[in-house]
Amino acid sequence: MSATFLGMPGSFPENSREAVQNSQLRFNLRKATHTIRDKRASVVGELPDWQELRAAGKAIKDHTLRNLDRYLIQLEAAVTEAGGTVHWARDAAEANRIVTDLVKATGETEVVKVKSMATQEIELNQALAEHGITAYETDLAELIVQLGDDFPSHILVPAIHRNRSEIREIFLDKMPHVSADLTDDPPALTEAARLHLRERFLRSKVAISGANFMVAETGTLVVLESEGNGRMCLTLPETLISVVGIEKLLPSWRDLEVFLQLLPRSSTGERMNPYTSMWTGAVEGQEFHLVLLDNGRTDVLADEVGRQALRCIRCSACLNVCPVYERAGGHAYGSVYPGPIGAILTPQLRGMSSELDASLPFASSLCGACYEACPVAIDIPEVLVDLRAKAPHAAAEKAGMKVAGWILNDHERLARAQRAATRVRKLVPKRLPGPLSAWTDTRDLPEIPEESFRDWWERNERA
Amino acid sequence: MSAREEILARVRKAVAGAGDVEIPRHYRADRQGGDLVELFAERVDDYRAIVHVVPAAEVPGKIDECLGERRMIVPDGFGREGGWHDVNTADGVVTNCAVAIAETGTIVLDHGPGQGTRAQTLVPDYHLCVVRADQIVPGVPEAVARLDPARPLTWISGPSATSDIELNRVEGVHGPRTLEVIIST
Ligand code: SF4
Chain A
1 MSATFLGMPG
11 SFPENSREAV
21 QNSQLRFNLR
31 KATHTIRDKR
41 ASVVGELPDW
51 QELRAAGKAI
61 KDHTLRNLDR
71 YLIQLEAAVT
81 EAGGTVHWAR
91 DAAEANRIVT
101 DLVKATGETE
111 VVKVKSMATQ
121 EIELNQALAE
131 HGITAYETDL
141 AELIVQLGDD
151 FPSHILVPAI
161 HRNRSEIREI
171 FLDKMPHVSA
181 DLTDDPPALT
191 EAARLHLRER
201 FLRSKVAISG
211 ANFMVAETGT
221 LVVLESEGNG
231 RMCLTLPETL
241 ISVVGIEKLL
251 PSWRDLEVFL
261 QLLPRSSTGE
271 RMNPYTSMWT
281 GAVEGQEFHL
291 VLLDNGRTDV
301 LADEVGRQAL
311 RCIRCSACLN
321 VCPVYERAGG
331 HAYGSVYPGP
341 IGAILTPQLR
351 GMSSELDASL
361 PFASSLCGAC
371 YEACPVAIDI
381 PEVLVDLRAK
391 APHAAAEKAG
401 MKVAGWILND
411 HERLARAQRA
421 ATRVRKLVPK
431 RLPGPLSAWT
441 DTRDLPEIPE
451 ESFRDWWERN
461 ERA
Chain B
1 MSAREEILAR
11 VRKAVAGAGD
21 VEIPRHYRAD
31 RQGGDLVELF
41 AERVDDYRAI
51 VHVVPAAEVP
61 GKIDECLGER
71 RMIVPDGFGR
81 EGGWHDVNTA
91 DGVVTNCAVA
101 IAETGTIVLD
111 HGPGQGTRAQ
121 TLVPDYHLCV
131 VRADQIVPGV
141 PEAVARLDPA
151 RPLTWISGPS
161 ATSDIELNRV
171 EGVHGPRTLE
181 VIIST
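Residue numbers (this note's numbering), protein chains in the order written: chain A, 1 to 463; chain B, 1 to 185.
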């Protein structure tokens, strides 16, 4: 991952301060996160066995990660057997080179894309552009982001920072055949996008996708989506190239029964997303290439505490419950992975040498809501605290102070955060995060009931 | 060392000495019975699709009624004559399905006989799907168990939709904007 993803050289606190001052952004984010959060709660509440599914999901992922070498080899054999070709990429540059060569071999200079975080992570579109290949995003939100020359701000609704009149302006400006009397009514804007992309779908010879899951046993890839642009890309072009992180693996076909319940309900708050496509190898005469991407994942895997971040199924539930994300917005995190998951994944994937990356583990009040929401039970607070201890001291302390100051401005929020922290205190790690001492030394903290994280921490520090 | 060998070696080094985990599967699976037709119909309706529950003998008539004057693709194996062939100019497509899921209101196509190719069920703006009552299973685990991973599968839960503009739900982006389901009992 490039540290300049958002052209934001600053730290998380600097970036978030800007976002906090942008009232439109804060309004949009609040509406989005609260709406999705409520929908999620209701469809999750419908399933009497949600916790059992969650426990299974967590264990399946842990078991897969423990045996990742074996399952990757099994996947490769199954995909190959079904007529696909498997490629391995150590890092972003290698993955981009493989994809570029595959596209060049078709003789095409245009490709259509399904929204994929892995290809954003490796900045594939830019790499293709350097070789004269234009990549067209086809997800409505990604299209808005791409046409607006902008960056995604949320995993699930990447253009949530844009309102309808801004979207209308972007369409009028960038879509060749759009009529000037286009209104800013969402159905009208959606229709404009439908017409804009339809011809491109029918014409494109090469598509690039990611995948939500890969099944080692059968070689099956799975993509969940809502709009049908995924189906268009996966189905119509003659060549399909999927770039997938090595952690997206599931051992057996049967394991999908768990994840196809966990993901849609956690993500969009629906019982099921409108479309899920599954394919195994080359289908209906299509040429299929799978690029397996490491790009720092094996480093994350080597960290005993941090490796649980690889269980992530990118549902974005943790973003929607995070009080810090709600105020700071996705851009402040400076990576394709925003919110609580970004705060633990980005510094692990690309290290903590930049000020931004070193400040990310501090982008949290440790309230624990993300852990409760996570369908694969990633203990994000635990990883955050562990990373804080590992952050380069001077930079992290400075950044930590800024975040602390920012959160402490809101006494009520802090009290709430600390009350919540008491519930997760059993998860607090053995090592004491050095920079946190700065919080209590210089700030007058409000009284809080029961034993809060702060109390626990002070008591343990003295002990 | 090749990228493949290097990645595998890195994985092995990363997890060396880590313990394995048992997978607890205490969630609901292998359920039988219940009034699945009613639940399925209700859940499909929740997605703003159109649903009809019709005795088997009346299904052909109901199909005629739904199709009206539309230029329809009728896939091989559907058991009906005629039809339109060009996906780009067709008004709609009529298919069977492989499995349907009551709890989530989902139809799964495996693109076998009577279900058309993936493009045929995607490009036209209208999809009429006939589901037999005995194809409806209670939940996702029962559906996964019935499906064949060697086939391409398309899971459909309501019409195409987006919530990308200020979270307003709009039906119909690239897939069929209208989904109509006939449940044959
Ligand atoms: S960390 Fe958990 S809640 Fe957050 S995106 Fe990943 S799976 Fe979802």
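Note that these hints are calculated values from the structure, not bench results. By construction, the Cβ of each residue, glycine as well, lies at the ideal position given by its N, Cα and C atoms. A portion of the hints provided could be inaccurate.
Going by beta-carbon spacing under 7 Å, a handful of chain A positions derived as facing chain B [as the list claims (entries may be wrong)]:
(1) 45
(2) 56
(3) 181
(4) 185
(5) 188
(6) 189
(7) 277
(8) 279
Outcome of the hint check:
no., hint, verdict
1, 45, "violated (14 Å)"
2, 56, "holds (6 Å)"
3, 181, "violated (18 Å)"
4, 185, "violated (9 Å)"
5, 188, "violated (9 Å)"
6, 189, "holds (6 Å)"
7, 277, "holds (6 Å)"
8, 279, "holds (5 Å)"
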